[in-house]
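Chemist: Listed below are the residues making up each chain.
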Amino acid sequence: MSNANQQAVARYKNNFLKEVEERVEEGHWVKMCMQCGVCAGSCPLGPAWEHTPQKIFMMIRAGKRDEVLQSDSMWMCTSCYNCIARCPRKLPITHIMHGLANYAHRLGIAPKGQPTREFAVMFWKNLTKRGRTNELMLTLSLYFANGIGPGIQTAMNMQKIGLGMVLAGRLNPMEIFGGHSVKDLKGFHAVLAKAKEIEDRKKGFAA
Amino acid sequence: MTASIATGQTILVVGGGISGMTAALEAAECGKQVILVEKTPTLGGRTAQLYRYFPKMCHPTCGLEINLKRIKGNPNVRVMTMTEVTAVAGSRGNYAVTLKVAPRYVNENCTACGDCGKAVTSEVADTYNYGDGKTGAKVKAAYLPHAMAYPQRYVIDPSIAGTAEGEAAKAACKYGAVDLGMKDENVQLNVGAVVWATGWRPYDANKIQPYGYDRYANVITSVEFERLADPHGPTGGKILRPGDGKEAKDIAFIQCAGSRDENHLRHCSRICCMASLKQTQYVREAYGDAGKSTIYYIDIRAIDRFEDFYQMVQKDATVSFVKSKVARIAENKENGNPVLHGVDTEGYHRYATEHDLVVLAVGMEPEVTGVKLPDDIVLDSSNFIEGSKDGGMIGAGAASSPLDVNRAVQSATAASLKAIQVIHKTASTEAA
Amino acid sequence: MAKKEYAFYPGCSSQAKSSAANYLTSVTAMCDKLDIKLTEIPDWNCCGASIGYAEGGELPRLAINARNFALAEQHLPGQDIVATCAACWLGARESKERLDHTAQLMQETNEALAAAGLKYEGKVKVRHMVEVLIEDLGYDAIKAPVVKPLEGLKIAGYVGCQTNRPFGIDGESFENPKYLDKFIEVLGGEPLEKYEQKVACCGGALAFSEPEKSQKQIRDIVESALDHKAELIVTPCPLCQANVEVYQSEINRKHGTNFAVPVVYYSQLMAVAYGSSAKDAGLNGQLIRTEALEKIANK
Amino acid sequence: MADIKYAAYICSGCGIGDKMNVAGLEKVAKTEGKMAVIKNHPFLCNAEGVQMIRDDIANDGVTHLCIAACSRRSKAEAFSFPTVAVSRANLREGVLWVVAEGADHDEVRQEMAEDYVRMGCAEVKKMKLPEGNPNKGDAQNKRIMVVGGGMSGMTAALAAAEAGYEAVLVEKTGALGGFASKLWKRVPFSSPYAEPQATGVEEMVAKVTGNAKIKVHLNTTVAETGGAPGRFTVKLAQESGAVSDETVGAIVQASGFTPYDMAKLPELGGGQANVVDQAGLEALAKTANGGAIKRADGKEVKSVVFVQCAGQRDETGTHLSYCSGHCCATSIKQAMYFKDANPDVDTVVMYTDLRVPGMGEDFYRSAQQKGVIFTKGKASKVSGGDSCKVDFTDLILDEQTSIDADLVVLATGQVANAGVNLDAWTEVNTAAEGGNEEAKVQRTEMKTISVLNLNYRQGPDVPQFKHGFADSHFICFPYETRRTGIYAAGPTRRPMDMLQATEDATGAALKAIQAVENASQGRAAHPRAWDLSFPSARLEGCTQCKRCTVECPFGAIDEDEKRFPVFNEQRCRRCGTCMGACPVRVISFENYSCDTVGMQIKAVNVPDEDEEKPRILVLACENDAYPALDMAGVQRLTYSAYVRAIPVRCLGSVNTIWITDALNGGYDGVMMMGCKKGDDYQCHFVKGSEMASYRMSKIGDTLKQMGIESERVVTHEVAITDNARVAKLIDDYVAELDKLGPSPMKGFG
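Those protein sequence lines, which keep their order, are chains C, V, F and W.
No gaps in the numbering here: position 117 of the first sequence is 117 in the UniProt record's numbering, and each next residue is one more.
No gaps in the numbering here: position 193 of the second sequence is 193 in the UniProt record's numbering, and each next residue is one more.
No gaps in the numbering here: position 20 of the third sequence is 20 in the UniProt record's numbering, and each next residue is one more.
No gaps in the numbering here: position 696 of the fourth sequence is 696 in the UniProt record's numbering, and each next residue is one more.
Possibly wrong hints are sitting among the right ones.
What the hints assert, rightly or not - Below are the DSS-like pairs computed for lysine-lysine, each with C-alpha atoms no more than 27 Å apart in a straight line:
| no. | chain 1 | residue 1 | chain 2 | residue 2 |
| --- | --- | --- | --- | --- |
| 1 | C | K186 | F | K119 |
| 2 | V | K425 | W | K215 |
| 3 | C | K112 | C | K64 |
Said to hold, decoys possible - The calculated label-pair distances, taken between Cβ atoms and stated as ranges, are:
| no. | chain 1 | residue 1 | chain 2 | residue 2 | range |
| --- | --- | --- | --- | --- | --- |
| 4 | V | Q311 | W | Y694 | 29 to 37 Å |
| 5 | W | A279 | V | E334 | 57 to 65 Å |
| 6 | W | K286 | V | G90 | 55 to 63 Å |
Note that these hints are calculated values from the structure, not bench results.
Virtual Cβ for every residue (Gly too), placed ideally from N, Cα, C.
Bound-form chain C, shown alone (with noise of 0.2 Å):
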């Protein structure tokens, strides 16, 4: 993974704004940015940022690549459109967000143990394996992800609700033994392979 990400700044040298727009999701449009500041103020989880993502856009335009993949900011992100709503300059600031977080995470180099990222790959393994969402294992898995204690711990504290869930016809414990699934898994698997291996092309992830 990380040789990726010695590839990616031997390949771009100091232009991390380039990099940025060749590699990362709708990241062409990080120049426009004229730094008024809206999305900053439009983010109910602002205050949980190290840098605002109009700043975000300002360290990419000084190259500071380090600090910005590296940063947990845009993992804060709820996709929640605030800040595409407002933006005076009609900039993709979700996607952005949510570009940058999934370039890190492929380079190896985002947060380790950022629960958003961890729980981003559970989700997506969980949608994958069966072509849709399986929420019995997925809130499970969750809960022993770290571990079987602490595990436990969560579980117990939330089977209140589970149990509620269940009862309310909202939550299958069979599920744990498969549950929903698309029919033609092999055409949906062989869909997402080729759709991953052009984007890894693209995006010098290539094996």
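Fit chains V, F and W to the given chain C structure using the hints.
Modeler: Frame of chain C; chains V, F and W shown alone:
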């Protein structure tokens, strides 16, 4: 009214604001025949609704007085108020123009004695004081638009024209000036050149949803603030906020309210920074050191010697600057104060600041109500007028670009000469 | 009036015994009364949701959404895709816009789809159920079937994020959308128009990973509803519904509050107002039961 | 001239007849006003009333008439009788609407009205119908001289020519084009505002040289300018030393600007290798001719930093304190030069406030689209050399940092080429005239930078406004020059970009055309546009005190060898400052003179002290104070009926004789109301109210000799919006005078 007096040597100026008056007068004082049409009942336009000008803090009515004196004394200018251009046919040097004159219900016999106003009781929105906006100001339905209105003649609001109120106004007039039988009148004119000085209008603040102009009483626009600060305004110059009539002493000015924003106006309106800097001095004028102004901005655009004014305001201890586009406004339910949320981007400082009153520095967009532009007029990406392809029609002042008063007059003077060139060429080709 | 037919995209959470199963139940009842025919897209797959970005990346997310489009175009030609889940609608519509506007992505995506013998033509439209109700039927049509008006019921319309931004419902403001209030009004209830948290984010995407942060959002949403004396919160979004309902007990446990505000779907309000039983309206699916609605339903 | 016949027309409309005894007014007009014809009418301004007056003029030989009705500001069109002398007695706004209602005010109201009738009659008897400048015959030249052959100058010349006027274009270098010809490209003037455009200089030069109406003088400067609008005589000096003469009617000064000298900015690398100003970058771009831009040392530029506001917006007093307006857009354009040639060149624009108003925002976006990086930061130090370095504070990231670059461009400002600063000049010149040899040398030195070399009494160039620019002081009137017939245009008037400069030049050309038209008709120019009156002086009474020549705000009056004033009517703006200045009162206008006002003052009926009715004379500037008094009436605000107001053209025209006459005549006080003075002066005749208060400060001794308290003469700055305030000022002053008691002069009048 006959069109015979107008010829291919006549210049038509559309819009009676400072740009239109300037374009008309400069040509007339060169000896040209000019017809000046204005859609409202009086000349003066938007500048007549300002309290003071930046950077001199002088009064717009001072210049208006001079321009009106020029008009009264110049036989070459014919003024038609309550008149709109409904059609323009023909081409450079030879236009056939159709005008629609709306009924004023008061004829030239009016001496502005005011008896009709005394006779009626019903009221209408006082548009001079932005009564159709947050000031809520009202006037009698028989009124003189303002103290310097020209023509100095009353207006009867159409809403009472056919009513007993209208009759009462008629009965009260000793001079037979009230004529409730007036109808729309169409006038045909031939002119050689047309100057479009149709001006600007404040961007509709209701559209800027995060700032809640439509939801919070104490969020107003910069043009409304001018009326609040003006001794001739609805509050007699006291800065009373609409929500509860309380004196507003801690005032926030939000720049780029609509401007520099692809969700609204893509252009920069040029005047707003200076307007807000000026308005901070209204706050000082009203409260001295007890007042407080905060300007939320992206870039302060105080071009050329206006920079002096910016530097002066920066030294004013009652004024502070925050480099931030405010994200949203909420309302403190207890006291009705607007609360501004955002981030100061110089460094990184999150704020949630309460103020007594918020003034949105709304942008300029071309005035379109009552303006029907001919098809061969070329517009820019924000619909400002670049002129007609054949050069026979010229944009002037704020109709041609977002301009401050001084530059609008400069633009109108240039437009005036361009119009003169058009009729000169027509004359010389006809002669040849 | 002729039946209106749509290619239905229920999404993972609306499946049987999933977190929004009761949404599906009530939608079925609602559509039945409104003469709307929903045909499920055969073998549809997950939209990837917003959170899918981190591992999924761009093209895989586009591809799985395009798969649904291709299936709809193939099996239900001429029908618009209708999603009930905010995330599904958003994920799908975003993918569609990006594909339709970027030739390269379109080409790459179809290259991927080809692996399953599918092709996305770029024809099908992607819409949210609320759009269908407002644009294809209109408020009068929504009012028409009302037999049990929700009299005197104070309801906070909580729109949330993803049905509102970045696309939202045509003609509605991002900051102050009014359609839920209008729904409540035509159904005979009392909308709380000044409810401030209308468009606040529930922190859904972070519910698992950053519980403290997302539960802070939920607290504000519920508190403000109570300030306005709301008996109910109504929402168009399954994530909002689940989060705001599910975590109230958790918040009570942590902060000693005693929240118990029922959170329902607009479709449940309609089903009840249209005379469906509490069961058909999916009211038995509530973690926080709503006696008020059940009473009306059982009238 | 035909026999004189006086008539008074009294209107009883608008309630005048109800509140006043019109018969009484008629009696005053007859017995005291000595009017031959006296008529009253219930509605004088309507068609019938006006016709009655016209008939009397046509059939009854009426030559002078006093209209006693509303204010002179009302019904101006109805009461316009261009063939006769007209005075207006303001019975409506001046009496009816401002005197308190009710019977107990009937007496004072009537007295006030009668006085205004007396004043109107007295005034008109001293008035002559202005017939325009009798010397207009010598002012028929309508050619426009344009000084400066740059973009502004060429535009002005073409604009005049295309309107049918001959133009004389004077350029000091060997070619037309000016600064614009040094540019690779210019910023866009019209939609879509996305790309730099060809300057179009060549096309314009071709148009100018190809235009039969334009005569071009290259390598030429203006050696001397004399005369006045319609008859300027100009000596042109060729580089060769040859001198030629031109006669022109008006002048457009488009002498352009000089970039602020980089050498004054060592801290920003000024003078070091690979640090250039914007002009320097244009030169490099021209050489590159669309290809890769290379530095002086031939190295291809791979990274460039533009430092905005270099030596501008300076608050330390060392450099330019103003903003030159165009530099942000210019740097954006220049950054595009690099990006268009090679997108991989790093281009950083370092700014504190990016100032691209209007559609400039599109140009800004276009640059970002091309990958130009904008950094909000303040450069503290630039070092040149093979690898330049810019130390700066990043205002967004809040850190001290630096960038390396192959080239640094300093956005320095525009310095006006506006010639000699007259304030400095006057000082030196007075010393020189006093015989100071050093000053004489200094004066000759100063003149070398003069643009126009005017032989005017008040100095060789047009007065400057701020920061050395030859701008107008007025927001509503950007072309309100202080040298009639001479109009500055382009960056010499105000810092500006090329688009604004060409528009400015077009406007200036119009004003020049207007000036020659007015001069040829013997009419005044703005703000008393079309005024046909003109000043005449009885020189036999003149004491050669030079006050008029010194105090004329427009440098209209020169001196002949015997030190007598020489009036250049075409330069005159009819403000009357000279009339106010003249200690022996030999200067007057036909319809405005020491007598037209003096006789009004004398006509007022001043009660004896036992009547306890004080009289206060108000002399009000007709542009601001008088309208304020009027509008107080329009708004039905009341003030004391003891005042008698007389509008004056300008407080500068107030002659102290009026004050002393009034006080001698038993008035209890005199109020003078004029415009704001000082740096932000509002007086359209520049120093009117300043002059007035200066003269009043001198009047103290005279008052002492007369045994009159100084409080009996006051001056106020009054704005046109001061409706309520004027009313209060008057009432407060009446109260103050009441405490002071009646004037000691009463009864001696």
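Chemist: Now tell me, hint by hint, if it's right for this structure.
Modeler: Tested hints:
With a C-alpha separation of about 16 Å, the suggested pairing of C/K186 with F/K119 holds against the 27 Å cut-off. Distance hint between V/K425 and W/K215 is fulfilled; the C-alpha atoms sit about 20 Å from each other, no more than 27 Å. Under the criterion of a C-alpha separation no larger than 27 Å, the hint pairing C/K112 with C/K64 is consistent with the structure, at around 19 Å. As the Cβ distance of V/Q311 to W/Y694 is approximately 31 Å, the hint placing it in 29 to 37 Å holds.
W/A279 and V/E334 have their C-beta atoms about 60 Å apart, which keeps the hinted 57 to 65 Å range intact. Separated by about 45 Å at the C-beta atoms, W/K286 and V/G90 break the suggested range of 55 to 63 Å.
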